[in-house]
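Novice: Single-letter residue listing:
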Amino acid sequence: MIDMIHTGKERPVKAIPHPFALTIAVLTALLAAVTVISLMTGRIFITPGDVIKILVSRFLPIPHSFSATFESVIIDVRLPRVLAGVLVGAGLSLSGAAFQGLFRNPLVSPHLLGVAAGSGFGAAIAILLFSNILITQVSAFIFGVVAVALAYMLSRTYRSAPILMLVLSGIIVGSLFSALTSFVKYLADPMNKMPTIVFWLLGSLNNISNTDLAAVSPVFTVCAAILLLIRWRINILAMGEEDARALGVNTQVLTTVIVLCATCITAASVCISGIIGWIGLVVPHIGRLLVGPDHKRLLPVSMLIGASYLVGVDMLARSLLVIEIPIGILTAIIGAPVFAYLLKKGQSGWSR
Amino acid sequence: MLRWYNLLTCLVLALVLVEMSRCGNDNKATPQDPQSRTIVDMTGRHVRIPKNLSRVALFGGPSGQIAFILGVQDRLCAVTNTLRLSALAVEMYPAITKVPGPRTTSGSINIEETIASTPQLVIAGDVDGDLIGKKTSIPVAYLESSMDQGYETIVKEIRFYGDVFGAQQRAECYVTYLEKTREFLKSRIEKIPAGKRKIVFNGYSTNHLVTLGGDTFLNRHIETAGCINAAKGISTTGKREGMHVGLGEISMEQVLAWNPDILIIDTGTPEDLYKDPRWKNITAVRNRCVYFQPSGIFIWNRPTAESAVLYPLWLAVTAYPDVFSDISLHEEIRKFYKEVFHYTLSDEQVKNILSGEYARTMARPPKK
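As given, the protein sequences belong to chains A and B, one line each in that order.
Residues in the first sequence are numbered consecutively from 1, following our numbering.
Residues in the second sequence are numbered consecutively from 1001, following our numbering.
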């Protein structure tokens, strides 16, 4: 499979020559380390010993030598936030990598088909009309999926070059929903509702509860599993639609499945955390630098890197200052230079 | 050749001097129009306005209610849209829905609509004022931002409005009421020892984590009520993109670390928080001391004349019921509206103010 991709006019990809299993092991260890450090860091100081005891006491009957407040801080506040970082970071990176393969374009992010714009509108209108957090999240998810469905249907009305049409339809639908969001903001009461909408759009893992996690993790798991199962087929799509069809692959079905799964993952992320940019764009490039463009390896590696990245960045967002730093600002501040460096290095291993 | 140049230079200089002196004379010799007078706005600029001021466009967000305090609401020809969306303002003066609202937020004004309402004067903050000044010939009087200020700005603001509308007496009535209330609170609060002062966290927005820091007017209000602002150590008045100054988001864990005794929310219900496991260890939640922010013409967590009197009073009575056992909030609110707004609230209206109902209904379009 790798050989197939590397044939033709592309320059050879300099994948780092250590075995794939080792890379996965190192990245998994990194994620575990970041998660543990993150669970021990925060505005309230809790000794690492207590953190471990609190976590272990959930599974083993050990004496409760810690305070109930600390237990609540870890179990109800820090743990859901860290787990959400893992889910959202992994999910956005996975759908980013899948989209970059599907659209054969390194500058694609999971928000390409308008899911963020749709979710943003869904959230804004729900805040305007109901001010209820649950309705806001459900509405964000629904409108995110609706936006992509609209883009998809629009693209089917054209006969030629479906991938290109999908991109253009995504841009159209995205612009439409962005404009609608601006309109809602314009209607909103500037003293009360508008700051709420703005804070929501900025993106944050601040408000994640265990219930949120329970609600979205099935979506994440199912869609991620499907994408991981068909990941080698993305390689075929990445060769170009005509070549893929010549190899006997039903590109339309495959495209639909990838778009559907990636969209559900992104919409589920956005509905619990707002719009967090840069992760889905930058992380797949870091992944390609490590293991090359083969999606069989790229997808799991991107998930691991994305999870560590977001958990780490969120740790900074919540503990650096007394005030919460909007995470979108941090991911951009860290993501933009990293991306610039990768482009300059010209080693991102993009195969086309 | 040289002489020719000199001659020309002299001529030009002479012309310029004559022009300049004429301009100077023009400025000094203004009292030629007996129908107008000069006022000084809040930023110190001189503005000429007609003596019979009957059409004013009021574009200051929270300060729109001052027209109601002065009893000059019938002289407004255009207002901030928020004022028309205030359920209580509409109940007090239904005709406000017929007044156009060409301004939505700072910097977004429908200029043609403003001109069409034929104002003799526009009262606005810096951004809106510049916009009107640049595009129209309507005189503009500037307001001062009141987000980072205390009572002095509110007093200055209402005296300025009083001067503009020639309603100094009503303005002084408010100022006296404000001072009286603050004196009263101070006399009672003094008896509460420093160690017993309650910590208050204003948890706004849908996540109850957006708050106003120690450099805002709200910090002063909380101190006046004898409480401590949990977020007093942070500053939130810097300009932030896309939102009003004065707000900042706090992480959940930081709120747990502050562990406030009283929690004030402006979205959702206290019951939501009583059920949420993340909030269960906060003293305010354990003692069932989560309150919805009351709201009159404007929600009380904004720098308005109304909130300067009523927010501290409400908070003090709510936080220290033993110290204020002889005070009925219901009666106090009715008294304030009667004496300052010359409006008698019904029991239903007082109930709506205290429950924050008027903030919930704010976004709805005015009743026809």
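Some hints here could point you the wrong way.
To be verified - So the derived label-pair ranges between C-beta atoms look like this:
| # | chain 1 | residue 1 | chain 2 | residue 2 | range |
| --- | --- | --- | --- | --- | --- |
| 1 | A | Leu-55 | B | Gly-1107 | 36 to 42 Å |
| 2 | A | Leu-55 | B | Pro-1193 | 54 to 60 Å |
| 3 | B | Arg-1048 | A | Ala-332 | 44 to 50 Å |
| 4 | A | Tyr-186 | B | Cys-1010 | 56 to 62 Å |
| 5 | B | Pro-1193 | A | Ile-334 | 45 to 51 Å |
| 6 | A | Thr-211 | B | Ser-1054 | 53 to 59 Å |
| 7 | A | Val-36 | B | Lys-1275 | 26 to 32 Å |
| 8 | A | Leu-129 | B | Gly-1107 | 58 to 64 Å |
| 9 | A | Ala-68 | B | Lys-1338 | 45 to 51 Å |
| 10 | B | Asp-1276 | A | Ile-37 | 45 to 51 Å |
As the list claims (entries may be wrong) - Short derived list, chain B residues pointing at chain A, Cβ under 7 Å:
| # | residue |
| --- | --- |
| 11 | Pro-1094 |
| 12 | Pro-1139 |
| 13 | Ser-1205 |
| 14 | Leu-1209 |
| 15 | Ile-1234 |
| 16 | Thr-1237 |
| 17 | Ile-1250 |
| 18 | Ser-1251 |
| 19 | Asp-1261 |
| 20 | Thr-1269 |
| 21 | Pro-1270 |
| 22 | Asn-1281 |
| 23 | Thr-1283 |
| 24 | Val-1285 |
| 25 | Asn-1287 |
To be verified - Computed cross-link-like contacts, SDA-like style, restricted to lysine to any residue with a CA-CA straight-line distance of at most 20 Å:
| # | chain 1 | residue 1 | chain 2 | residue 2 |
| --- | --- | --- | --- | --- |
| 26 | B | Lys-1156 | B | Thr-1181 |
| 27 | B | Lys-1280 | B | Asp-1261 |
| 28 | B | Lys-1280 | A | Asp-76 |
| 29 | B | Lys-1280 | A | Ser-67 |
| 30 | B | Lys-1098 | A | Glu-71 |
| 31 | B | Lys-1275 | A | Asp-212 |
| 32 | B | Lys-1280 | A | Val-257 |
| 33 | B | Lys-1232 | A | Arg-43 |
| 34 | B | Lys-1275 | A | Arg-43 |
Hints listed in this document are in silico derivations from the structure and should not be mistaken for laboratory results.
Virtual Cβ for every residue (Gly too), placed ideally from N, Cα, C.
Novice: Do B/Pro-1193 and A/Ile-334 keep their Cβ atoms within the hinted range of 45 to 51 Å?
Specialist: Cβ of B/Pro-1193 to Cβ of A/Ile-334: about 48 Å, so the range 45 to 51 Å holds.
Novice: For the range 44 to 50 Å, tell me whether the beta carbons of B/Arg-1048 and A/Ala-332 fit it or not.
Specialist: This hint holds: roughly 49 Å between Cβ atoms.
Novice: Please verify that hint: B/Ser-1251, Cβ, nearest Cβ of chain A, below 7 Å or not.
Specialist: Cβ of B/Ser-1251 sits 4 Å from chain A, so the hint holds.
Novice: For the hint 58 to 64 Å, verify it against the beta carbon of A/Leu-129 and that of B/Gly-1107.
Specialist: Check failed, 25 Å falls outside 58 to 64 Å.
Novice: Should the hint that A/Val-36 and B/Lys-1275 are 26 to 32 Å apart at their CB atoms be regarded as holding?
Specialist: holds (30 Å)
Novice: Does B/Thr-1283 pass the interface hint, meaning its C-beta sits closer than 7 Å to a C-beta of chain A?
Specialist: Check failed: Cβ of B/Thr-1283 comes no nearer than 10 Å to chain A, outside 7 Å.
Novice: Regarding the pair B/Lys-1280 and A/Asp-76, is the alpha-carbon distance no greater than 20 Å?
Specialist: Given that 20 Å is the threshold and the Cα spacing comes to 10 Å, the pair holds.
Novice: Holds or violated: the hint that B/Thr-1269 contacts chain A, with Cβ atoms closer than 7 Å.
Specialist: Interface hint status for B/Thr-1269: violated (10 Å vs cutoff 7 Å).
Novice: Taken at face value, is the distance from the CA of B/Thr-1181 to the CA of B/Lys-1156 at most 20 Å?
Specialist: holds (17 Å)
Novice: Is the distance from the Cβ of A/Tyr-186 to the Cβ of B/Cys-1010 consistent with 56 to 62 Å?
Specialist: holds (58 Å)
Novice: A range of 36 to 42 Å was offered for this pair. Does it hold for the Cβ distance of A/Leu-55 and B/Gly-1107?
Specialist: Once the Cβ atoms are compared, 50 Å apart, the range 36 to 42 Å for B/Gly-1107 and A/Leu-55 is violated.
Novice: Is 54 to 60 Å right for how far apart the beta carbons of A/Leu-55 and B/Pro-1193 are?
Specialist: violated (41 Å)
When the structure is compared with the earlier hints, violations turn up for hints 1, 2, 8, 10, 11, 12, 16, 19, 20, 21, 23, 24, 25, 30, 32 and 34 and for no others.
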